[in-house]
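Novice: Chain by chain, the residues run as shown.
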Amino acid sequence: MKDVPTPDRPVLHARGISKFFPGTIALDDVSVRLMPGEVHALLGENGAGKSTLIKCLTGAYRRDAGVMELDGQEVDPASTAESQRLGIGTVYQEVNLLPNLTVAENLFLGRQPTRGRFIARRRMNAMAREVLESYGLDIDPAEPLSGYSVAIQQVIAIARAVDMSGKVLILDEPTASLDHDEVQLLFRVIRQLKARGLAVVFITHFLDQVFDISDRATVLRNGQVVGECLLNEVTQHDVVTMMLGRQLEARVQNRDTGRAGKTLVEISDLGKRGMIDPFSLTIHEGEVVGLAGLLGSGRTETANLIFGVVPADQGKITLRGKAIDITNPRDAVAHRFALCPEDRKVDGIVGDLSVRDNIILALQARQGWMRPIPRAKVEEIAQSYVRALDIRLASLDMPIRLLSGGNQQKALLARWLATNPDFLILDEPTRGIDVGAHAEIIALIEQLRADGMALLVASSELEELVAYSTRVIVLRDRQQVRELTGDDISPATIIDVIATEEAAR
Amino acid sequence: MIRSTYLPLLITLATFVLAYALCASAYPAMLSFRVVANLLTDNAFLGIAAVGMTFVILSGGIDLSIGSVIAFTGVFLAVILRDTGLHPLVAFALVLALTTGFGAAMGATIHYLEMPPFIVTLAGMFLARGAAYVLSTESVPITHEFYDTLQDMYWKIDGARFRLIGLVMVLTFVVGIITAHRTRFGQNVYALGGGEQTARLMGVPIAATTIGIYAVSGGLAGLSGIVFSLYTSAGYSLATVGVELDAIAAVVIGGTLLTGGYGFVAGTFFGILIMGLIQTYIVFDGTLSSWWTKIVIGGLLFAFILLQKGLTWAAEKRAAQARLRTATGSAALS
Ligand SMILES: Nc1ncnc2c1ncn2[C@@H]1O[C@H](COP(=O)(O)OP(=O)(O)OP(=O)(O)O)[C@@H](O)[C@H]1O
Ligand SMILES: [Mg+2]
Numbered sequence: 005m006k007d008v009p010t011p012d013r014p015v016l017h018a019r020g021i022s023k024f025f026p027g028t029i030a031l032d033d034v035s036v037r038l039m040p041g042e043v044h045a046l047l048g049e050n051g052a053g054k055s056t057l058i059k060c061l062t063g064a065y066r067r068d069a070g071v072m073e074l075d076g077q078e079v080d081p082a083s084t085a086e087s088q089r090l091g092i093g094t095v096y097q098e099v100n101l102l103p104n105l106t107v108a109e110n111l112f113l114g115r116q117p118t119r120g121r122f123i124a125r126r127r128m129n130a131m132a133r134e135v136l137e138s139y140g141l142d143i144d145p146a147e148p149l150s151g152y153s154v155a156i157q158q159v160i161a162i163a164r165a166v167d168m169s170g171k172v173l174i175l176d177e178p179t180a181s182l183d184h185d186e187v188q189l190l191f192r193v194i195r196q197l198k199a200r201g202l203a204v205v206f207i208t209h210f211l212d213q214v215f216d217i218s219d220r221a222t223v224l225r226n227g228q229v230v231g232e233c234l235l236n237e238v239t240q241h242d243v244v245t246m247m248l249g250r251q252l253e254a255r256v257q258n259r260d261t262g263r264a265g266k267t268l269v270e271i272s273d274l275g276k277r278g279m280i281d282p283f284s285l286t287i288h289e290g291e292v293v294g295l296a297g298l299l300g301s302g303r304t305e306t307a308n309l310i311f312g313v314v315p316a317d318q319g320k321i322t323l324r325g326k327a328i329d330i331t332n333p334r335d336a337v338a339h340r341f342a343l344c345p346e347d348r349k350v351d352g353i354v355g356d357l358s359v360r361d362n363i364i365l366a367l368q369a370r371q372g373w374m375r376p377i378p379r380a381k382v383e384e385i386a387q388s389y390v391r392a393l394d395i396r397l398a399s400l401d402m403p404i405r406l407l408s409g410g411n412q413q414k415a416l417l418a419r420w421l422a423t424n425p426d427f428l429i430l431d432e433p434t435r436g437i438d439v440g441a442h443a444e445i446i447a448l449i450e451q452l453r454a455d456g457m458a459l460l461v462a463s464s465e466l467e468e469l470v471a472y473s474t475r476v477i478v479l480r481d482r483q484q485v486r487e488l489t490g491d492d493i494s495p496a497t498i499i500d501v502i503a504t505e506e507a508a509r
Numbered sequence: 116m117i118r119s120t121y122l123p124l125l126i127t128l129a130t131f132v133l134a135y136a137l138c139a140s141a142y143p144a145m146l147s148f149r150v151v152a153n154l155l156t157d158n159a160f161l162g163i164a165a166v167g168m169t170f171v172i173l174s175g176g177i178d179l180s181i182g183s184v185i186a187f188t189g190v191f192l193a194v195i196l197r198d199t200g201l202h203p204l205v206a207f208a209l210v211l212a213l214t215t216g217f218g219a220a221m222g223a224t225i226h227y228l229e230m231p232p233f234i235v236t237l238a239g240m241f242l243a244r245g246a247a248y249v250l251s252t253e254s255v256p257i258t259h260e261f262y263d264t265l266q267d268m269y270w271k272i273d274g275a276r277f278r279l280i281g282l283v284m285v286l287t288f289v290v291g292i293i294t295a296h297r298t299r300f301g302q303n304v305y306a307l308g309g310g311e312q313t314a315r316l317m318g319v320p321i322a323a324t325t326i327g328i329y330a331v332s333g334g335l336a337g338l339s340g341i342v343f344s345l346y347t348s349a350g351y352s353l354a355t356v357g358v359e360l361d362a363i364a365a366v367v368i369g370g371t372l373l374t375g376g377y378g379f380v381a382g383t384f385f386g387i388l389i390m391g392l393i394q395t396y397i398v399f400d401g402t403l404s405s406w407w408t409k410i411v412i413g414g415l416l417f418a419f420i421l422l423q424k425g426l427t428w429a430a431e432k433r434a435a436q437a438r439l440r441t442a443t444g445s446a447a448l449s
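Respectively, the protein sequence lines represent chains A and B. Each residue of the first sequence is one higher than the one before, starting from 5 at the first, in this note's numbering. Each residue of the second sequence is one higher than the one before, starting from 116 at the first, in this note's numbering.
No wet-lab data here; the hints were simulated from the structure. One should not assume that every hint holds.
[Stated by the list, open to error] To give a feel for the contact side, a few chain B residues facing chain A, derived at Cβ under 8 Å:
1. Gly-245
2. Leu-265
3. Gln-266
4. Tyr-269
5. Lys-271
6. Gly-274
7. Ala-275
8. Arg-297
9. Thr-298
10. Ala-306
11. Arg-315
12. Met-317
13. Gly-318
14. Val-319
15. Pro-320
16. Thr-374
[Said to hold, decoys possible] Derived coverage of chain A by chain B (criterion: at least 3 residues anywhere in the stretch with Cβ under 8 Å from a Cβ of chain B; other residues may be distant):
17. 120-134
18. 415-429
Source: prediction; values computed, not measured. Virtual Cβ for every residue (Gly too), placed ideally from N, Cα, C.
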């Protein structure tokens with residue numbers, strides 16, 4: 005029955021795919037070929053059309069034009085269920101799974117093992133346990149999904165897609181919330197699938213990962229294919245130039261220390277039991293403090309604690325020498341603090357509100373809802389941030405959930421910048437953001453610092469952290485373990501600190 | 116180990132046991148098979164309709180039409196049996212097909228026209244009630260020997276009569292529970308309630324499931340109407356006004372989250388029993404006005420909604436905790 009894929013015939017061949025949305029041509033005559041046993045990277049700026057292409061290929065969207073061949077046979081999946089049946093397993097960018105179902109129910113939704121007409125629950129749980137064990141996850145599959153961390157949920161989503169991919173596996177930014185070890189684990193799985201002759205599509209903004217795992221890449225820009233290349237024949241620089249349609253200037257590192265201004269925020273012994281050990285931190289105006297550490301080392305927790313997302317159970321914060329009390333984010337906002345959170349889906353965007361309203365939200369909230377910001381002012385603020393951050397949209401009126409993932413992230417950043425805070429906390433500000441915008445955000449951080457703002461930035465990308473931080477605090481196991489200043493700040497030292505602390509354990 | 120997801124169900128069960136204990140301590144006579152049998156018989160039609168409502172609410176929807184559909188069914192049966200020579204069984208099949216189709220049509224409207232269930236089923240409510248009026252504005256008695264046979268079917272335990280319609284309700288619940296937890300359709304209902312967009316991307320057939328859910332609700336409202344006609348031996352277009360709200364109350368008291376995704380069909384069973392118990396207590400007391408039923412149910416609803424808020428809040432806290440556990444989680448990964 006199953007014909008052996010020939011090496012020169014694509015597993016999946018899509019030709020002339022187009023997709024129009026009101027005000028946008030998301031895809032314009034796009035063609036891709038997925039070869040058996042090959043990892044195919046899909047690259048492009050935020051809003052280039054990568055996710056839309058995936059959705060058109062898997063039946064989540066109806067395409068407006070184009071044909072699709074699977075193993076030489078024309079197919080036309082009308083729903084995701086159908087593409088799953090055809091052997092295409094997908095992890096969509098924004099999906100996650102269903103929080104109200106158990107882990108096993110999520111893994112097997114739509115294809116539960118049955119006895120007669122009924123779902124064999126015990127068998128399903130046992131099967132789920134087995135699948136998850138092969139990913140090194142020792143968790144109870146009968147527990148609701150919502151009880152597990154985002155990283156674990158992501159691994160479960162990947163496991164589900166892998167399990168369903170007979171021919172093609174599509175991963176849309178699967179590694180955004182995974183740490184190094186988890187990424188390596190995923191890559192091992194991908195290599196196994198490759199060996200079995202599957203075609204794998206891999207979308208990410210981490211170019212290192214692209215070059216690490218992928219064989220071939222198709223680059224999209226503004227909904228059009230700008231080129232296909234074999235990755236062992238090109239450099240990262242070439243790829244970036246293709247993506248952006250221009251050269252990306254090399255980053256200049258002109259970190260100047262010691263010019264920090266007056267003390268702004270002084271945190272002493274702030275902590276919460278079971279969440280993060282007490283820590284002290286002084287932040288001056290015109291200073292960027294970087295927070296480094298592995299996933300789960302306490303970066304997000306530190307940010308949340310300072311901002312009052314979770315009230316501290318000990319310690320105190322002084323602002324310009326005066327003790328202040330922050331028990332919830334509202335207090336923090338009132339003191340002109342701002343926090344741009346890590347997980348835009350959980351605590352960030354309001355999907356059905358327009359982009360404009362989403363950008364203005366925090367500013368309006370600080371003003372109080374009884375004093376609406378004048379319409380013209382709102383328009384001006386929103387426009388200026390859309391321009392400054394290069395947010396790609398059809399109009400400011402569109403619901404923010406229709407923006408591409410990276411552009412949602414930028415809009416969220418705009419929301420907090422619009423409040424013009426004295427103290428800005430950024431948690432993973434560049435997650436899901438393309439290389440071009442990456443550089444712009446780094447430049448923006450520099451700019452804000454130069455203008456005298458105090459920033460605290462948590463990031464898992466050491467290169468970028470090093471680029472803008474005046475000081476770096478290394479966290480491990482929810483503890484501050486070291487503060488690096490001046491010339492000590494380099495990716496190598498940070499890794500060193502983490503590793504030695506790890507060994508010292 | 117008791118899983119946290121079962122907590123609302125356990126709380127409903129505990130409430131029922133507590134309520135029964137309180138009733139029994141005030142009126143020991145309430146601790147009898149007769150009271151239990153009456154509870155089942157008197158609440159049979161409401162219970163059957165509430166099973167359908169549970170599915171609808173689990174999926175994140177609402178069905179306001181069921182009270183009208185029950186009344187329509189009753190009038191339809193009465194008129195058919197009065198005016199034609201059709202056997203009641205044929206009439207039953209006919210009316211079940213009609214109400215199931217009606218539900219399916221509402222489901223299709225909700226799905227394909229992307230209309231809110233509230234509006235569509237509100238329209239359905241007026242339509243069904245109107246259709247009942249068209250058939251007859253007066254109460255039409257049902258006299259048919261087959262009806263007598265069915266009404267005389269009961270099982271006697273300790274002098275208490277467990278009637279057929281009570282059994283039908285219990286069976287409906289059993290089938291409902293199995294459908295919810297052991298079939299793909301049931302899982303799809305929960306998936307829909309968990310998030311339509313996500314469910315769609317995961318391959319859940321949204322159209323078929325939505326239509327199926329409202330068809331089930333409509334069909335069960337039809338069955339409930341049959342049972343109601345057996346209970347009252349009549350069809351009246353003004354009957355069972357607001358029954359949909361009682362059903363919603365039972366579902367909520369049964370621990371199902373009004374926003375969908377979380378809950379149990381079994382919970383609704385105890386929700387029904389709790390509501391029935393309150394009524395029985397008032398009958399036993401004799402001095403209390405029957406309006407007290409409404410007041411107590413209102414109070415209970417408030418309590419349960421507060422409880423749900425509390426549980427959701429606790430769940431969110433747990434999820435936040437889980438995010439903090441990332442470290443341990445990724446340790447397990449490597
Ligand atoms: N349902 C929709 N309605 C209107 N416009 C849409 C819709 N979905 C996507 N778009 C638009 O289509 C364009 C392509 O979006 P897409 O999500 O495919 O980008 P992407 O390449 O995945 O970007 P990212 O890297 O940020 O995830 C964007 O401009 C987006 O605003
Ligand atoms: Mg995308």
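Novice: Would you mind marking each hint as holding or not holding in the structure?
Specialist: Evaluation of the provided hints:
Nearest Cβ of chain A to the Cβ of B/Gly-245: about 35 Å, over the 8 Å cut. The hint is violated. Because the beta carbon of B/Leu-265 sits about 29 Å from the nearest beta carbon in chain A, more than 8 Å, this interface hint is broken. The criterion of a C-beta within 8 Å of any C-beta in chain A is not met by B/Gln-266, whose closest approach is roughly 34 Å, and the hint is violated. Annotation: B/Tyr-269 was flagged as interfacial toward chain A, and the flag is violated, the nearest CB pair being 31 Å apart, outside 8 Å.
At its closest, the beta carbon of B/Lys-271 sits 34 Å from a beta carbon of chain A; the interface hint therefore is violated under the 8 Å criterion. The beta carbon of B/Gly-274 comes no nearer than 38 Å to any beta carbon in chain A, farther than 8 Å, and the hint placing it at the interface is violated. Interface hint status for B/Ala-275: violated, as the beta-carbon distance to the closest one in chain A is roughly 34 Å, over 8 Å. Given the 8 Å rule on beta carbons, the hint for B/Arg-297 holds: about 4 Å separates it from the nearest Cβ of chain A.
Because the smallest distance between the Cβ of B/Thr-298 and any Cβ of chain A comes to about 6 Å, under 8 Å, the interface hint for this residue holds. The closest approach between the C-beta of B/Ala-306 and any C-beta of chain A is roughly 6 Å, which is under the 8 Å cut-off, so the hint is satisfied. Because the beta carbon of B/Arg-315 sits about 7 Å from the nearest beta carbon in chain A, less than 8 Å, this interface hint is met. At a threshold of 8 Å, the smallest CB-CB gap from B/Met-317 to chain A is about 5 Å, leaving the interface hint in force.
Look at B/Gly-318: its Cβ gets to within about 4 Å of chain A, closer than 8 Å, so that hint holds up. Hint status for B/Val-319: holds, given a least beta-carbon distance of 6 Å to chain A, under 8 Å. Given hint, B/Pro-320 at the interface with chain A, holds; its Cβ is 6 Å from that chain's nearest Cβ, closer than 8 Å. A least Cβ separation of about 10 Å between B/Thr-374 and chain A goes past the 8 Å threshold, and the interface hint is therefore violated.
Counting residues of the stretch 120-134 of chain A whose beta carbon lies closer than 8 Å to any beta carbon of chain B gives 4, which meets the minimum of three for the stated coverage. Look at the stretch 415-429 of chain A against chain B: 0 of its residues bring a Cβ nearer than 8 Å to a Cβ of that chain, fewer than three, so the hint is violated.
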